[in-house]
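Sequence order for the protein chains is P and C. Start counting at 1 in the first sequence, then tack on 1297, and there's your number in my numbering. Start counting at 1 in the second sequence, then tack on 820, and there's your number in my numbering.
None of these hints come from the bench; they were simulated from the model. Bear in mind the structure is a predicted one, so any value in this text is a computation, not a measurement. Just so it is clear, CB atoms sit at the ideal spot from N, CA and C, and this is done for glycine as well. Hints are not guaranteed to be accurate.
With a straight-line Cα cutoff of 25 Å, these simulated DMTMM-like cross-link-like pairs (lysine to aspartate or glutamate) come out [what the hints assert, rightly or not]:
#: 1; chain 1: C; residue 1: Lys896; chain 2: P; residue 2: Asp1350
#: 2; chain 1: P; residue 1: Lys1408; chain 2: P; residue 2: Asp1350
#: 3; chain 1: C; residue 1: Lys896; chain 2: P; residue 2: Asp1458
#: 4; chain 1: C; residue 1: Lys896; chain 2: P; residue 2: Asp1330
#: 5; chain 1: P; residue 1: Lys1512; chain 2: C; residue 2: Asp892
#: 6; chain 1: P; residue 1: Lys1461; chain 2: C; residue 2: Asp892
#: 7; chain 1: C; residue 1: Lys896; chain 2: P; residue 2: Asp1452
#: 8; chain 1: C; residue 1: Lys896; chain 2: P; residue 2: Glu1454
Residues of chain C clear of chain P, computed beta-carbon distances all greater than 10 Å [said to hold, decoys possible]:
#: 9; residue: Trp824
#: 10; residue: Ala873
#: 11; residue: Leu893
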Amino acid sequence: MSTATQETEPVTPAPLQSFTVTLIIRRYDPEVDQEPHWQDFDVELFPTDRILDALHKIKWEQDGSLTFRRSCAHGVCGSDAMRINGRNRLACKTLIKDLDVTKPIYVEAIKGLPLEKDLIVNMDPFFESYREVQPFLQAHHEPEPGRERLQSPTDRERFDDTTKCILCAACTSSCPVFWTDGQYFGPAAIVNAHRFIFDSRDDEAQVRLDILNDKEGVWRCRTTFNCTEACPRGIQITQAIAEVKQAVITGRVR
Amino acid sequence: MWSWVLHRITGVAIFFFLLVHILDSVVLNFGPDAYDRVIGTYKNPVLGLGEAALVAAIVFHALNGIRIILIDLWSKGTRYQRAMFWIVVILWAVLMAGFLPVHLHNAFTEGQ
Chain P
1298 MSTATQETEP VTPAPLQSFT VTLIIRRYDP EVDQEPHWQD FDVELFPTDR ILDALHKIKW
1358 EQDGSLTFRR SCAHGVCGSD AMRINGRNRL ACKTLIKDLD VTKPIYVEAI KGLPLEKDLI
1418 VNMDPFFESY REVQPFLQAH HEPEPGRERL QSPTDRERFD DTTKCILCAA CTSSCPVFWT
1478 DGQYFGPAAI VNAHRFIFDS RDDEAQVRLD ILNDKEGVWR CRTTFNCTEA CPRGIQITQA
1538 IAEVKQAVIT GRVR
Chain C
821 MWSWVLHRIT GVAIFFFLLV HILDSVVLNF GPDAYDRVIG TYKNPVLGLG EAALVAAIVF
881 HALNGIRIIL IDLWSKGTRY QRAMFWIVVI LWAVLMAGFL PVHLHNAFTE GQ
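With the sequences and hints as input, model every part of the structure.
This is the structure in structure tokens:
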């Protein structure tokens, strides 16, 4: 058998083609504008870029006054939740290739919280609701000397989903109930209450259930599933809220 | 989202029907003849279409209401919410397919 010698050329991957994408951003400068307005930007982008890269390019090369929050830029800190083409997303986790670039991409601040400037909203009401549900461990029993509070893998699994929350507010600001009733605790606060209500080491589940049994608590949820679709961490939020509802009814948390 | 929007719209629509329904029931106080005359004015094709819309709204609201109860109280409810929505839509279509031909036939032929 003769071995066929092949003329092998090193396969260089085709260089990624950049293209022009139009972003339409809802701008608002409280010192100048009476009302928010939409502004177009054309940006050269690669399919592998993210919306956050587009915003950076605009801020660094076209208009330094564009204002937005971002910190880690890798989907962990939860700073850059915004409304992209009508859906709440993290700008740092939304790839250009996943969007229809033949049409302009609409970017605006999340809804339901007071607009401060461009893509930044006042998060205070959001964090006030979060604090109200007492999102910290309250264990009144002492572990054995020299030991930690042990928990079985099954008990840990019970609240695993709700530990993933990064407090980006994508869920709460996608909730139509929260848009019209800012007093509603909102999905994020209930998710973080769920995280401790169903923790076998915690002893104050009943206190949190009483807080959420309020008129503005879990019963405001109309199961629209907007929060579950908005969550960048894939938390089954409506499921968590339903579990808290059932715990309020039955009083059982384990 | 859209199941919730439809639930709201049908709910408000049914509420407005209830207002009319209470008013026409009050007429019973003025005797059976008065009631018959008021109810008689409903027998025209326009209100026949209105009745079709009313039944469509009530059937959707009732079926989706069962779906929402299951989401809240059945432990697997949220997992199957999308499937349950399509079951609601299919059941609604089947029930309306049985109801509409008979009702519209009556609405457009009676009184002629």
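Comparing the hints with the structure gives:
1. For the proposed pair C:Lys896 and P:Asp1350, the alpha carbon gap of about 40 Å is over 25 Å, so the pair is violated.
2. Simply put, P:Lys1408 and P:Asp1350 have alpha-carbon atoms about 22 Å apart, close enough for the 25 Å limit, and the pair holds.
3. The straight-line distance between the Cα atoms of C:Lys896 and P:Asp1458 is roughly 15 Å, inside the 25 Å bound, and the hint therefore holds.
4. Of the pairs offered as hints, the one joining C:Lys896 and P:Asp1330 is violated, with about 49 Å between alpha carbons and a cut-off of 25 Å exceeded.
5. Between P:Lys1512 and C:Asp892 the alpha-carbon distance is near 17 Å, which keeps this suggested pair within the 25 Å criterion.
6. Annotation: proposed proximity of P:Lys1461 to C:Asp892 holds, straight-line Cα distance about 23 Å (limit 25 Å).
7. For the proposed pair C:Lys896 and P:Asp1452, the alpha carbon gap of about 19 Å is at most 25 Å, so the pair holds.
8. For a cut-off of 25 Å, the pair hint linking C:Lys896 to P:Glu1454 stands: about 17 Å separates their Cα positions.
9. Not every CB of chain P is more than 10 Å from the CB of C:Trp824 (nearest about 4 Å), against its label as outside the interface.
10. Separation of C:Ala873 from chain P is adequate, the least Cβ-Cβ distance of about 23 Å exceeding the 10 Å criterion.
11. With a minimum CB-CB distance of about 7 Å to chain P, C:Leu893 fails to clear the 10 Å threshold, and the non-interface call is violated.
Hints 1, 4, 9, 11, counting from the list given before, are not met by this structure.
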